[in-house]
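Visitor: This is what each chain is made of:
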Amino acid sequence: MQLIFGLITGILFGILLQRAEVIRYDRQLGALLLKDMTIVKFMLSTILVGMVGVYLLVDLDLAKLSIKPLILGGNILGGLIFGAGWALLGYCPGTAAAAVGEGRLDALAGLAGMLLGAAVFAEAYPALKATVLTWGDFGKVTLPQLMDRHHWVVIPWFVVLGVALLRWLHKRGL
Amino acid sequence: MGETVRGKPWNPYIAGALAGLLLVLSVYATGKYFGASTTFVRAAGMIEQTVAAERVAAMPYFMKEAPKIDWQWMFVAGILLGSLAAALGSGTFRLKAVPDLYASRFGPSPGKRFGVAFLGGAVAMFGARLADG
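Protein sequence lines, in the order shown, are assigned to chains A and B.
Per our numbering, the first sequence starts with residue 1, numbered consecutively.
Per our numbering, the second sequence starts with residue 175, numbered consecutively.
Quick caveat, the hints were computed from the structure, so don't treat them as lab data.
Treat each hint with caution, since some may be false.
Lysine-lysine pairs mimicking DSSO-like chemistry, simulated, CA-CA at most 27 Å apart [said to hold, decoys possible]:
{"#": "1", "chain 1": "B", "residue 1": "Lys182", "chain 2": "A", "residue 2": "Lys35"}
{"#": "2", "chain 1": "A", "residue 1": "Lys140", "chain 2": "B", "residue 2": "Lys206"}
{"#": "3", "chain 1": "B", "residue 1": "Lys182", "chain 2": "A", "residue 2": "Lys140"}
{"#": "4", "chain 1": "A", "residue 1": "Lys129", "chain 2": "B", "residue 2": "Lys242"}
Just need the whole structure built from these sequences, with the hints factored in.
Guide: What follows is the structure, encoded as structure tokens:
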């Protein structure tokens, strides 16, 4: 049943990604070149709606947060390495799969590379776990926890700042 | 005319907000948050298992992320299928080896582009796993 839910959710998400044209190389590089912010508009809209909706579910005891650990070593180094690879490929893992769906053959080479990257990481994991992944480990924390504020004090700020950023991008024609 | 209307891109704010709603529904229905990169670990493990099952079984990272098909694996497969259906339905499916923007800067060679894409995919995935998704 879980697998069927995964497939259906993926199909719906894939339709949204393809029809909003956010899975194209030109759009993803456009964002990195600060020339075309379509993917930022899409992602930020998703995050704002998701943030409010998920915290409502949590407050109503209908869902649990899934919090990734804050490990500065892994998050910062991993983020920098990911960014370099993303700029070379022009698709991120999820959008590469979607790009293959709309016929982009270079994304298929990207998927093959990702399998290699995952295999190499699995080899390196024991060494990384003992070093980089211990640097600046704050555990599973959220921003409201770090700021010592109730989440409904923090969320409106994110919504206001997010909408302001979107309006600014829209006005500048990005 | 019908062709151009059909192929017209959706508003990114509305499509993005709908994706947010889809995420909220998913969390409500199954407790699952969106992600993709763990699936590549599981898929790599599944491939390695075919030649070195015992070695894979003894590797700590494959114990953490077992090489099997789970919710996210099907989610990533669904993204590909949903995109394919949307591309065919809207008349925007194009078999293409080299993106326009890339070709205008680095030339039209598909071999070179595939090499760069493969390398980029490997680097991006290593970084994504190091940052934990």
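Visitor: With reference to the structure, classify each hint as holding or not holding.
Guide: Hints, one by one, checked against the model:
Taking the CA atoms of Lys182/B and Lys35/A, the gap is about 20 Å. The hint holds against a cut of 27 Å. Among the hinted pairs, Lys140/A with Lys206/B is consistent with the structure: their alpha-carbon atoms are about 17 Å apart, no more than 27 Å. A threshold of 27 Å between alpha carbons decides the hint, and for Lys182/B with Lys140/A the separation of about 42 Å lies outside it, so the pair is violated. Distance restraint check for Lys129/A and Lys242/B: the Cα-Cα separation of roughly 23 Å lies within the 27 Å cut-off, and the hinted pair is therefore satisfied.
The structure fails hint 3 only (numbered hints given earlier).
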